[in-house]
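Kindly produce the complete structure, drawing on both the sequences and the hints.
Chains X and Y, in that order, give the protein sequences.
Heads up, the first sequence stops at 324 in the numbering used here, and the numbers go up one at a time, no gaps.
Heads up, the second sequence stops at 263 in the numbering used here, and the numbers go up one at a time, no gaps.
Since the hints were made in silico from the structure, they are not lab data.
Computed from a predicted structure; not experimentally measured.
Each residue gets a CB set at the ideal place from its N, CA and C atoms; glycine is no exception.
Among the clues, some could well be false.
To be verified - A partial selection of chain Y residues facing chain X, derived with a Cβ cut-off under 7 Å: (1) P34; (2) E36; (3) L75; (4) A96; (5) L97; (6) L105; (7) Y108; (8) H110.
Unchecked claim - Derived lysine-lysine pairs resembling DSS-like cross-links, with alpha carbons at most 27 Å apart: (9) Y/K119 with Y/K82; (10) X/K264 with Y/K82; (11) Y/K82 with Y/K53; (12) Y/K119 with X/K264.
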Amino acid sequence: MRLYPLLFLLLLVAGVLAVLVGSGDLADPELRDTFLKLRGYRLAAAFLAGAALAVGGVVVQGLFRNPLASPSVLGTTAGASFGGQVALLAYGVAGVGNAFVVPEMIVPIGCFLGALAALAVLLLFLRITQDLLALLLTGFVLSALFLSLSAFVTSMAQETWELGRAVVSFSLGSVSGTGPRQLAFALPLIGAALVACWAWGRPLDLLLSGEEEAQSLGANVGAVRWWSAIWVSVLVAGAVSVGGNVGFVGLVVPHMLRPFAGTKHQRLIPAAALAGGIFLVACDIIARVIPSRSEIPLGVVTGLIGAPLFLLLLIRLRRERAYA
Amino acid sequence: MRNGDGHAGLRARGVGVTLGGRPVLHDVDLEANPGEVLALLGPNGAGKSTLLKALAGLLPHEGRIEIDDVDVASLSPRARAKRISYVPQRSLLRSALSVEEVVALGRYVHGGSFGGMSKNDRDAIDHALDTAHADVLRDRIFTQLSVGEQQRVLLARALASDAPILLLDEPTASLDVGEGMAVLRLIRTLAERNHTLIVVLHDLADARSTTDRALLLTDGRVAEQGDTAAVVSSDPIRAVYGVKLIENARIGFEPDTEGTGTE
Numbered sequence: 001m002r003l004y005p006l007l008f009l010l011l012l013v014a015g016v017l018a019v020l021v022g023s024g025d026l027a028d029p030e031l032r033d034t035f036l037k038l039r040g041y042r043l044a045a046a047f048l049a050g051a052a053l054a055v056g057g058v059v060v061q062g063l064f065r066n067p068l069a070s071p072s073v074l075g076t077t078a079g080a081s082f083g084g085q086v087a088l089l090a091y092g093v094a095g096v097g098n099a100f101v102v103p104e105m106i107v108p109i110g111c112f113l114g115a116l117a118a119l120a121v122l123l124l125f126l127r128i129t130q131d132l133l134a135l136l137l138t139g140f141v142l143s144a145l146f147l148s149l150s151a152f153v154t155s156m157a158q159e160t161w162e163l164g165r166a167v168v169s170f171s172l173g174s175v176s177g178t179g180p181r182q183l184a185f186a187l188p189l190i191g192a193a194l195v196a197c198w199a200w201g202r203p204l205d206l207l208l209s210g211e212e213e214a215q216s217l218g219a220n221v222g223a224v225r226w227w228s229a230i231w232v233s234v235l236v237a238g239a240v241s242v243g244g245n246v247g248f249v250g251l252v253v254p255h256m257l258r259p260f261a262g263t264k265h266q267r268l269i270p271a272a273a274l275a276g277g278i279f280l281v282a283c284d285i286i287a288r289v290i291p292s293r294s295e296i297p298l299g300v301v302t303g304l305i306g307a308p309l310f311l312l313l314l315i316r317l318r319r320e321r322a323y324a
Numbered sequence: 001m002r003n004g005d006g007h008a009g010l011r012a013r014g015v016g017v018t019l020g021g022r023p024v025l026h027d028v029d030l031e032a033n034p035g036e037v038l039a040l041l042g043p044n045g046a047g048k049s050t051l052l053k054a055l056a057g058l059l060p061h062e063g064r065i066e067i068d069d070v071d072v073a074s075l076s077p078r079a080r081a082k083r084i085s086y087v088p089q090r091s092l093l094r095s096a097l098s099v100e101e102v103v104a105l106g107r108y109v110h111g112g113s114f115g116g117m118s119k120n121d122r123d124a125i126d127h128a129l130d131t132a133h134a135d136v137l138r139d140r141i142f143t144q145l146s147v148g149e150q151q152r153v154l155l156a157r158a159l160a161s162d163a164p165i166l167l168l169d170e171p172t173a174s175l176d177v178g179e180g181m182a183v184l185r186l187i188r189t190l191a192e193r194n195h196t197l198i199v200v201l202h203d204l205a206d207a208r209s210t211t212d213r214a215l216l217l218t219d220g221r222v223a224e225q226g227d228t229a230a231v232v233s234s235d236p237i238r239a240v241y242g243v244k245l246i247e248n249a250r251i252g253f254e255p256d257t258e259g260t261g262t263e
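In structure tokens, the structure reads:
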């Protein structure tokens, strides 16, 4: 079966299930509209976040020439999450906001700056070493750093009860409470960055052969790297701001797709956007149907699928490189 | 004939390169003309590959490198790559791109960043694959090819850019006799099509059979420069390598046109 018809079919199935499945009773005529609306927002948030994170994964894997890279592995997601928290804190404490500035607006900006800071550190690090594992370790350290900084921000926010709650619930990340305003801000951001990544597909292809060859083939390597980092930061910021603070999507989806869509960026990126959206919507349905006292966080489901795959890829890669 | 339309020559004056605080090239002058193959010779560590990369605009350098009186340093990466194509000894590509996709990378200099391939692009790719005898490899995955096959694909990628100047870094290294000979013959063919070629070579006999002029580097300086036949039998060669030339002593091979070979 051709790739795109299959993806659209899967999207249709996932979309219908996402609207029908859940703890609310759709038979109740009074609540039906509310449930449908909430599930619609939730579906849209999961799809957007999944598309953004999957394409973010494709781009960083090309950018760092590292098949194990993804926004969560490299600490970009943690950076975005931290940035969003700082933005919330600034909004609450310093009173940045007024009638025209709402948290839905400044959180994505904070997320963007946090994500870009994390990627900038990695890009600077790339000048020192291009070693595969060193890069992953740096990402790990960045993740740990941003998580501890986040903990600090969370504790600072506890001075006000409402702000504390807002920061904690943001850092936990969930698409279940995403509202129309968050979606309205994230949609153009993610949409524009997806198109930009696709448009940068050819220079990203060149970078797969390393800096020197890319340069000799006419790529402006520095510009490609920094612009790609900016697009990825926008994607991750958009995903985190609608509650997609989840790991491994950017790792799992590109790897599932490459056998069917190939490695060329302009072919892989649209497919990854679709498949990433479907993947996260499906994970969200799983999170809803697994019986538990309260709903299982989305990140747990993606983690359970992503972490073993990461280890598998690591083993396979070490084996391949050892005999290369 | 689509390749080598530009008939561009390359000229370098006083080129020096410093890597990691250590000067590795001093004051190199050279000239390469259309229809001509220039060999860069010298022992390991003499600076041959460094010189080639500097000429390709891949390393910061002193001095001036010109293509038909245009300073290479003033060109954008894309404008430079349209004129000079650099073929590395081995590609660092590890991703599963097909041969056709790899050769298509050479067309980046002609297209916009956006969108797909034009008919012009596809023709150039076909022509480049054909010239480099890599047509049969078209749908194979690049990383799964032999070293010799990869070398032909890298040459095709360089040809696809239609750049008049080609810089090749040890194109025959780690190839077997047949593969190496096919690459050397291709180099001659390209010179006949009026390309300007600068080739780093290890084998003095290959240099003599394939190149017109030669430049001998030792310790980052030009020790000898001139017709390849003269350079190969010169005193500096004897001093540099500790060998002397014995005329007609080498066992020779030539391509077996009836064999399956690499054609």
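These are the hints, each one checked on the structure:
no.	hint	verdict
1	P34	20 Å, violated
2	E36	21 Å, violated
3	L75	10 Å, violated
4	A96	5 Å, holds
5	L97	5 Å, holds
6	L105	6 Å, holds
7	Y108	5 Å, holds
8	H110	9 Å, violated
9	Y/K119 with Y/K82	18 Å, holds
10	X/K264 with Y/K82	22 Å, holds
11	Y/K82 with Y/K53	16 Å, holds
12	Y/K119 with X/K264	19 Å, holds
In summary, the numbered hints that this structure violates are 1, 2, 3, 8.
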